[in-house]
Amino acid sequence: MGQALRKAKEGTSAAGGARGKLEYNAANEELLNSVVKYVENIKDPEEQKLIFKKPIKWESSLQPSDFNDDAYEKSGVELVSKERTADDQPLLRVRPRGEKYEVSAMTIEQIQMVLRMAGDKKLAETRACCEATDDPYSDMLGDAFAIVPGNVEGGEYDKSRYRLMEEIMKGGPEEEVAEKKTTLKLLDHLFRFDNELLNRRLQIMEKTIRLNPSEVEDDVHKLMKYCGEDDEKCLLEELNFMPEFSTRFSNGCRAPPWRQVHGDICYLEAKAHDVDPYIYITGSTSGYYINGGVDKETQSLNFDKQGEMHKDLISLLKEKSPKFAEIVDKLEFVSHHDLKESGIIDTTADLDATPRDGEMTNREQTQVKSQQQKEETKQEKTQKTQKKQQQKLEPSLKWRNLGLEEQKEQHEKKDKPEKSRTPIKRKTQQRRNKTPLDAEDSFSESSTESEEEEETPDRRNEPNSDLPSEYWQIQKLVKYLKGGNQTATIIALCAMRDFNLTQETCQLAIRDVGGLEVLINLLDTEDIKCKIGSLKILKEISGNSQIRRAIADLGGLQTMVNILQDPNKELKCLAAGTIANVAKFRRARRTVRQHGGIKRLVGLLDCAPLGTVMSSQQEEDVEVARCGALALWSCSKSTKNKQAMRKAGVIPLLAQLLKSPHENMCIPVVGTLQECASEPSYRLAIRTEGMVEDLVKNLNSENQELQMHCASAIFKCAEDKETRDLVRQYGGLDPLVKLLQSTENKELLAAATGAIWKCAISDENVLRFQELKTTDYLVALLNDQPEEVLVNVVGALGECAKDPPNRMAIRKAGGIPPLVNLLTGTNQKLLVNVTKAVGQCAEESDNMAIIDKLDGVRLLWSLLKNPNPEVQASAAWAICPCIENAKDAGEMVRSFVGGLELIVSLLKSEDKEVLASVCAAIANIAKDEENLAVITDHGVVPMLAKLTETVDDRLRQHLAEAIARCCSWGNNRVAFGTANAVAPLVKYLKSKQVAVHRSTAKALFQLSKDPDNCITMHNAGVVKCLIEMVGSDDTVLQEAAAGCIGNIRRLALANEKAKHT
Amino acid sequence: MSKVTMTKKEIQALSERLSHSTAYNKYEVEVLLKSYFHEKNKYKMDRAVFREIISNHFGLRDDLLMDRVFRTFDKDNDSFLNMEEFVNGMHILTRASMEQKKSYCFKVYDLNGDGIISREEMFQLLKPTLLKSSGEEDPDEGIKELVEIVLKKLDMDHDSKVSLEDFVSCLDREPLLLECLGPILPDHTHITRFEEKMFGQSC
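Taken in sequence, the protein lines are chains S and Y. For what it's worth, the UniProt record's numbering labels the leading residue of the first sequence as 1, then goes sequentially. For what it's worth, the UniProt record's numbering labels the leading residue of the second sequence as 1, then goes sequentially.
The following block holds chain S by itself, in its conformation from the complex:
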């Protein structure tokens, strides 16, 4: 309670320091009550009896006569307690001091007595006691425990308790140790109480509001902006500080000093639309209230409060003026621009954007600073350091956003109509727009799109004193841009290009002085030279991501899209080139689309057919087309843009340009195609427009970048079978294999391997790959490659291994060990591919031996635990051939601890693929009798039975297979029957797939060995279907069907016989 008391007493005494009074207010009442309760509740006898080092004295209203207890006796004029300390000091002493008495107590027990004696006057006593004690801790427990304000961050803190503990541990005479222990206990107790008190005080304090002058100023200025004649859009007709009280004093108040003492800060007069006379408002430290208004006769302000205290100006005005309330609610999302247009807000709109920039930043900075201060004070409080007054920040205007202190962007923002948020709110909106969920960009399995930049822009760095000279020189040049005429502008623009504009310092130099606004404004002028000069600069500096965002924010993209229509070709090229640089983030791409940029860019692509020799006119046109393609490439990363481009007819134009012999023309074209090929409509168009041929042709070019993009495009397009055939027809497979040798260029390698992977889905392609000994190259790549490459390499191997000779080739090239090794990885896509590859390889028994030796099957099995269903299914599929082809398969399977249980448990999965694969695996496992017994124990029968209702053919096929195999153990047949698995199986015979019939027939045959099942089957009408199948071409099916019918018939015959005997 020492600290709490101190806080409470701070500032209340003219003498300073902690010796002060406790004011009569709610918080202190609370405090005193707590203290009383606490003291009364100290029940521990040791604590009660601990003798203080120094007596606690205070002036009491009690008299000796009040102490009518036996424990006390008179001793002269004083009253003393009978109990005494070791050196014969009474534990309680009541001494007369003037008119009142001074009580001095030496134990808590005595204090408790006093309180008891005081009865109703407890509170007053406590108050007196608290006021008198400077530092209760040092009095009670000794100076070692005095309250010392320490610098906690600096590492100082109160080590007294620690010291005390050390002393206790050191030992010593028993009494002393006991005393010390009690001291420690009491100290602890007190500390905790103190904490609690402080916390409670905090809570009480938080409820009271104190305004300060700068807040009030801000609020009023903000509101002033939204005043005007228009009673639809403006909150008030007018709002000003009262003219008599409009001078600001140094403390920020506008109220005269003799009113400041009362807490007044300023006086406002407000005229609302629907309330006729002026509303006179006082802003004070405790809130806003309506005052008495101007007296008609004396023309002086009546300061009295009339009405309630409001926490903020808005709520007061809302109460007074319904119209205000109505508009304020609507006004949440009013655009700054709209208000500007209706002439309400006066903004300076000239070339020199600095004043506005400065003003905004200053205001933002003061807001940020005041917010920061508020954050700091909150923290300070919880650390129990100074600050009695808490400044509670209550946003007094709806749109002052809490996210303000997170604002890092200090850029000036030009307001555009489509952005209908107030400037401040817009910033947070933008930030929200940047949050992850990217519904726009779609990914296909073979997409090599990487997530583009979405970093939050950095806070503008504080200018440090050692900026390079270029910084200042550039700033000077920007000054010429702003303050010079056209001639000076051109000179400055040309001079600026001499600097290395790819350097960040130079780029930021331009931005910091508002150079970006000037450059963009120049684009709106008529002067072609200025536009060209400006665009050249913008193009170079837009390599920096912050600058890009700034350009987009300033509306630069819209201007550049307009320039795309200009007849001047150089301008078009530059504009397109700059758009290509700026449109590297999502918002910019959207902006380009929203302003019709996509259509115009596509229009740029339309130039005459290209030959190797062209006139200068044609060359210019080609350059324009190339820049257009570059811009479209950047823009095409957004799905909506891809669609817009297609609608604008980009595909035939791209097809035409693709035929160009010039590499630098082809690169952006193929880049765009590759980007767009994630859309099926594009893939179709690429095929139908005959672009596959050109893509293949360009695979042979010398330029690696071009090769990479072509390979990527083929990678994506080869999802479709016809494209795969086309690639082969045009001889595309050979160059792809050749690219496998460019191991230094990882991106190229990834693209080429990806293309090979997808092309290998077609068997004819696999043949060709075989001829080219592709598997050898692929196996060589299994080591030391980044994951993107590995995924594709393994995928390719998996597809190639569908063909038996390739399986051998892989083994001979030593591919099995690295593949098995990869089973231990964590990359999901890689795992899916590896399991597939291993599974395919395992079809060959020689391979299987190697796999087994390397423990591959166990690794596959453990992949069944992987959370990804794709991996699970893939592993299960791979396990099937392993079991089929391994020596001692049964042993092997049994050797996996928990393996069988695991695989049976996967039957609970919801994924159809997983279920199908697991059934297939189980069918294989069940070939071994012991294993079948084990899985039966694990409950495989009911689980399989549960699945029989499915309509998925693939699942049906494998399920029936599994059931067929499982029937050969014990009474599984009967169990299946009881589990109602039989009837649904009959329905499978209606499926269209022969494979389903085959396995179903097998299952039914096995099941029919049990008479009950025969009956069920017969009732389900199986005989008719089976009879048809007896005549099928598939021998297995024939036999099974016949066998089944035979069993049914035999039962029927036996039945007949039994009936008749």
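No wet-lab data here; the hints were simulated from the structure. Errors might be hidden in some of the hints.
As the list claims (entries may be wrong) - Once the Cα atoms are required to be at most 25 Å apart in a straight line, the calculated DSS-like pairs of lysine-lysine come out as:
#1 Lys908/S with Lys987/S
#2 Lys152/Y with Lys476/S
#3 Lys122/S with Lys49/S
#4 Lys26/Y with Lys536/S
#5 Lys476/S with Lys144/Y
#6 Lys9/Y with Lys536/S
#7 Lys912/S with Lys887/S
#8 Lys271/S with Lys311/S
#9 Lys121/S with Lys37/S
#10 Lys908/S with Lys946/S
#11 Lys476/S with Lys127/Y
#12 Lys990/S with Lys1024/S
#13 Lys127/Y with Lys569/S
#14 Lys1009/S with Lys987/S
#15 Lys127/Y with Lys152/Y
#16 Lys569/S with Lys101/Y
#17 Lys153/Y with Lys536/S
#18 Lys476/S with Lys102/Y
#19 Lys536/S with Lys101/Y
#20 Lys476/S with Lys153/Y
#21 Lys121/S with Lys74/S
#22 Lys296/S with Lys320/S
#23 Lys82/S with Lys53/S
#24 Lys320/S with Lys584/S
Claimed, not checked - Label-pair distances were calculated between CB atoms; the ranges are:
#25 Gln643/S with Asp67/Y: 54 to 64 Å
#26 Gln643/S with Glu145/Y: 47 to 57 Å
#27 Ser545/S with Val168/Y: 39 to 49 Å
#28 Lys8/Y with Pro652/S: 54 to 64 Å
#29 Thr505/S with Leu164/Y: 35 to 45 Å
#30 Thr505/S with Glu145/Y: 16 to 26 Å
From a predicted model like this one, the values you see are computed outputs, not experimental measurements. Here a beta-carbon is modelled for each residue, glycine too, at the ideal position from N, C-alpha and C.
We have chain S already, so just place chain Y on it with the hints.
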């Protein structure tokens, strides 16, 4: 002011000659010659008339510069533009090749005609380009700095003066600086309008 009289034959011969030395064809030269006469009723064209034509058709109004332009066109330095000089001048303004434009600009900017553009001349020319900056610093300072910047760009051989070779080779690298010391060529829109007006169709 001496009247100019020319016979039809002389005019024909003149237009024939001019159509070879300029980018105009015979018809166009004749149109221009007609307008020459039309402007001043067979008197020789003097400065004021020329200035008016330039101002009306091309929007170029700066005193110092247009004066220089006149003098550049006035090859025989008689303060009048005869027909040939006039047609050549129009050619330079509207249809010149890049090389011709470069040398024209150089000649115009070379105020004293000594084949060198000096600092002082540049200072003169750049004086009106900076808007008065509320007296925060000596405006001349700003212009001097600007002169230094231009000099650095144009002075290819680093002899603190700009010769024709310097100018031409700088412009090869940076064509935007063609009118770096003041606007003395009409822009594309004006040229198109002029041509349409004169010759009836855009060429």
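Does lysine 912/S pair with lysine 887/S here, judged by a C-alpha cut-off of 25 Å? Violated, because 30 Å separates the two Cα atoms, which is more than 25 Å.
For the pair we were handed, lysine 121/S and lysine 37/S, check the Cα-Cα distance against 25 Å. With Cα atoms ~14 Å apart, lysine 121/S and lysine 37/S stay inside 25 Å; holds.
Is the Cα-Cα distance between lysine 271/S and lysine 311/S 25 Å or less? holds, 20 Å
Is it true that the CA of lysine 127/Y sits at most 25 Å from the CA of lysine 152/Y? holds, 18 Å
Can you let me know if the beta-carbon spacing of serine 545/S and valine 168/Y is within 39 to 49 Å? holds, 40 Å
CB of threonine 505/S to CB of glutamate 145/Y, is that within 16 to 26 Å? holds, 21 Å
Straight-line alpha-carbon gap lysine 153/Y to lysine 536/S, limit 25 Å: holds, 17 Å
Just to be careful, I want the Cα atoms of lysine 82/S and lysine 53/S compared with a cutoff of 25 Å; is the pair within it? holds, 19 Å
Are lysine 127/Y and lysine 569/S close enough, with their CA atoms no more than 25 Å apart? violated, 33 Å
For the pair supplied as a hint, lysine 476/S and lysine 127/Y, is the alpha-carbon distance within the 25 Å limit? holds, 17 Å
Are the Cα positions of lysine 908/S and lysine 946/S separated by 25 Å at most? Satisfied, since the Cα-Cα distance of roughly 10 Å is no more than 25 Å.
Satisfaction of the hinted span 47 to 57 Å by the C-beta atoms belonging to glutamine 643/S and glutamate 145/Y: Given a distance of about 52 Å, which is inside 47 to 57 Å, the answer is holds.
Going through the hint list in order, the structure does not satisfy hints 4, 6, 7, 13, 18, 24.
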